[in-house]
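Chains as they are written, first to last, in our numbering: chain H, 1 to 112; chain U, 1 to 112.
No wet-lab data here; the hints were simulated from the structure.
Since the model is a prediction, treat every value here as computed from it, not as a measurement.
Treat the hints with care, since some could be wrong.
Unchecked claim - The following label-pair restraints were derived from C-beta to C-beta distances: (1) H:54 with U:27: 24 to 30 angstroms; (2) H:23 with U:97: 23 to 29 angstroms; (3) H:19 with U:97: 25 to 31 angstroms; (4) U:17 with H:54: 47 to 53 angstroms; (5) U:53 with H:81: 18 to 24 angstroms.
Backbone N, C-alpha and C define an ideal beta-carbon position, used for all residues, glycine too.
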Amino acid sequence: LAKTTQPISMDSYEGQEVNITCSHNNIATNDYITWYQQFPSQGPRFIIQGYKTKVTNEVASLFIPADRKSSTLSLPRVSLSDTAVYYCLVGLSGAGSYQLTFGKGTKLSVIP
Amino acid sequence: EAQVTQNPRYLITVTGKKLTVTCSQNMNHEYMSWYRQDPGLGLRQIYYSMNVEVTDKGDVPEGYKVSRKEKRNFPLILESPSPNQTSLYFCASKPVSYNEQFFGPGTRLTVL
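Build the full structure now, drawing on both the sequences and the hints.
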């Protein structure tokens with residue numbers, strides 16, 4: 001099972017770029033890395049997914065080194081509304097199994 | 001509107017009284033899953049289903065049952081609830097070929 005490890009919390013000022021790193025040392029060959037955002041009392045919301053190198057969409061970038069043992073979610077110019085918990089998720093997809101394990105998440109606090 | 005719905009949203013019950021939390025999705029997704037969320041523990045997967053009549057255990061299946069008789073529905077059954085099952089429960093769905101999960105609004109369960 002691909003276990004993930006993230007920092008428990010991070011603080012950032014508005015307008016700064018925030019990088020949250022997730023380690024997943026035993027990621028499987030077929031696994032993708034997915035990041036979710038969760039606000040209090042709401043279900044998580046998909047942010048971005050990647051397999052290797054760099055992926056960018058309208059809200060974030062995801063950097064994955066060649067060995068894929070870690071990944072970094074980058075949020076450009078955060079605002080107060082980005083205060084949330086961010087989860088890194090690595091899918092165990094071998095042999096038709098889709099057991100998905102969330103880590104404990106990183107609580108990001110954006111300060112005015 | 002594409003969505004995952006859960007009912008009830010809030011439930012207070014007593015130990016041993018069987019209950020069912022319903023989950024329904026209108027996106028024709030093959031994959032559905034149940035998670036529980038507890039403070040400090042993140043999201044933990046209870047059960048998942050790859051398609052109709054195909055279910056499998058997640059990380060914390062003890063004390064729960066599920067069924068998948070129709071593609072759109074994935075009820076979570078607690079045959080004999082106990083206080084340690086007090087938690088916030090989320091249902092999610094996604095297509096098998098992509099890792100973006102769509103989460104329901106959550107069900108807050110209290111077992112006295």
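Taking the hints in turn, this is what the structure says about them:
1. H:54 with U:27: 24 to 30 angstroms: 29 angstroms, holds
2. H:23 with U:97: 23 to 29 angstroms: 27 angstroms, holds
3. H:19 with U:97: 25 to 31 angstroms: Holds, since residue 19 of chain H and residue 97 of chain U (Cβ atoms, about 29 angstroms apart) stay within the stated range.
4. U:17 with H:54: 47 to 53 angstroms: With Cβ atoms ~51 angstroms apart, the hint holds.
5. U:53 with H:81: 18 to 24 angstroms: This hint is violated: roughly 42 angstroms between Cβ atoms.
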